[in-house]
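**Student:** Each chain, letter by letter, is given below.
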Amino acid sequence: MKKKGNGLKQTTVLSPENIKVLSPGEIQRLLHELQVHQIELELQNEEQCRAQEALEASYARYFDLYDQAPWGYVVLSEKGAILESNLSFAALMQVTRGRLTAQMISRFIFKEDQDIYYLHRKKLLETGAPQSCELRMVKNGGMVFPARLAATVAHDDNGIPRYLRVMVSDITEDKRNEKEK
Amino acid sequence: MKKKNNEPKKTSDLRERAENAFRAKTGAELASPAGLTQEGASMLLHELQVHQIELEMQNEELRRSEAELETARTRYFDLYDLAPVGYITVSEKGLIIEGNLTAAALLGVSRGELTKQPFTRFIAKDDQDIYYRHRKQLFETEETQACELRLLKSGGVPFWVRLHAVAARNDDGGTMCRVVLSDISDRKRMEREREELTTALRKKNGEMESILYASSHDLRTPLVSIQGFNDRIQKTLEEISFVLAKNEPAEQLHAEIAPFLTNDIPTAVHHIGLSAGKMERLVNGILRLSRLSCAVPVPELLDMNALTGRLVDSLKFQIQQAQATVTVGDLPSCWADPHELEQALMNLLSNAVKYRDPVRPLAIVITGTVKGNYAIYAIADNGIGIKPGHYEQIWGLFSRLDPSGAVAGEGIGLTLVKRIIERHNGDIRVESEPGVGSTFSLSLPRTGTS
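Chains C and Z are the protein sequences, given in the same order. Using the working numbering, you'd call the opening residue of the first sequence number 6 and step up by one each time. Using the working numbering, you'd call the opening residue of the second sequence number 11 and step up by one each time.
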């Protein structure tokens, strides 16, 4: 971030010996300068605090939207390690959030459905287009449930996949309704 | 994003405001340098300079944390904005407060066109009620709610989405809801295709069943005549033999005809009789099976103790013949059609008699337990048993484990049993050990609606 060159003078501290040799006029000018500069800094400080508050509110807003989304939300590395997960996902999997980080997502996918996930991820990385699939997942404690995954991939400036955004929803109800039809 | 305050153009403005503030303060709080001693002035200058450095450091710190915060905010804004599903926030009054990029793309509008719009504007007319109920339920229960409805793309083209919503509080303590929109057009299309297929299949199945019924019915008539004429050939043969013997023809002729009469023809007649008999049982079996598919079971609360008692009574002769013992425990009642269940139990019991092990007297034990809403019955015998690899095979139509025909059977009995149990929403499985015996376990619902 730009800090220098913002028009404010950099302060050089004068030692009391150096001050002694200054003329009263120079001292007066210097004092004025310093006092004004001080106020300048204080004002700038206040503004920064205000900007920070606004930024904080905005951050909290989007963090909340992410964290308490109606769907589970995980950010995965290209290889499938959980980089981050929201509260809904942790609740869905019945795991504390801290224990999710760095785990492989495949750990939470039902053994017989690993292939579905593999193909889903492959297609996602190959096409770069949003993908969705349905598979069974396993909660902490072993309970199996049907889930719907929707995923997109985030690329860096060179077009190299940086991470995957995956949203997970429990579709037990859908499946039950489907069966009843 | 909001511009920060360290842009050069704002600096002069800042300087001006500082000068103004300084002028307002001068004389009041700030010491006038004129009244200071040389010593005092240098002290003041020094202090001011140090304070200024403090402020500069503080400023620096603020900028750094602001930069960090901004990175984090951008991160979560991106996660929100570029989420794999549409995501909107709707106010208590039903206006869209904010929508992400995915939602805007889904609805075919720009993000700006979403804001402050009533969400219902994007819902297909026929599905407004679904949304109304969904919303009502969401605010009443405050639990995650889901529903499926059609939204309208900008041009008015409807498409299917699934809505997932949670209620949340906004800053003023009011209620709003966060709604995730996922496009399920693909799934809906597949569902429709599957429904069409199922309907077609059901129709085909119905046709098949009527063909099966008709053909087995029609097959019976020629079969009866084959059997009848076969009997007649047999009788004619006897007569010819009798006449030939009586008339004492030439030795030569007798010798030539005799082997046909006494050997070839009777053997053929015997085989025709066996095959026709077998065919009759098969046709009868198919007929029973297709009658079962046509008939609708009429379930009732069934006293299984009485039913089993009657059944064992009616099999008394076979049981005595096989020198078997049948032990029946106390059986819970279940919800089933009495005729069909009697048929199923009859088949299981006669199988037990048929496949008994000649090395020991047959013992059949029937027991029952209750498990939740199900009555479980076990029919255990000490017969020849079934190899584990054949467990699945036994239920198949015309499937026989011993095709040599040592035991008479058509491979229909267990198929019929399984059909009967399954159409009662029950389940049947077998456990067996060759040379030890088999146990068939039936589970049937204990209650139902008539």
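Read the hints as simulated data drawn from the structure, not as lab findings. A portion of the hints provided could be inaccurate.
Claimed, not checked - Computed list of chain C residues with no C-beta within reach of chain Z, every gap over 12 Å:
hint	residue
1	Leu35
2	Leu48
3	Ala62
4	Trp76
5	Ser82
6	Glu83
7	Gly85
8	Asn91
9	Thr101
10	Arg104
11	Arg141
12	Met148
13	Arg153
14	Asp162
15	Ile165
Said to hold, decoys possible - Heads up, incomplete: computed chain C residues facing chain Z, CB under 8 Å, no partners named:
hint	residue
16	His42
17	Gln57
18	Ala74
19	Leu81
20	Glu178
Since this is a predicted model, take the numbers as computed values, not measurements. Note that the Cβ used here is the ideal one computed from N, Cα and C, for glycine as well.
**Student:** Look at each hint and say if it fits the structure.
**Tutor:** Hint-by-hint comparison with the structure:
| no. | hint | verdict |
| --- | --- | --- |
| 1 | Leu35 | 6 Å, violated |
| 2 | Leu48 | 6 Å, violated |
| 3 | Ala62 | 9 Å, violated |
| 4 | Trp76 | 5 Å, violated |
| 5 | Ser82 | 15 Å, holds |
| 6 | Glu83 | 16 Å, holds |
| 7 | Gly85 | 16 Å, holds |
| 8 | Asn91 | 9 Å, violated |
| 9 | Thr101 | 20 Å, holds |
| 10 | Arg104 | 21 Å, holds |
| 11 | Arg141 | 16 Å, holds |
| 12 | Met148 | 18 Å, holds |
| 13 | Arg153 | 7 Å, violated |
| 14 | Asp162 | 14 Å, holds |
| 15 | Ile165 | 17 Å, holds |
| 16 | His42 | 6 Å, holds |
| 17 | Gln57 | 5 Å, holds |
| 18 | Ala74 | 6 Å, holds |
| 19 | Leu81 | 12 Å, violated |
| 20 | Glu178 | 6 Å, holds |
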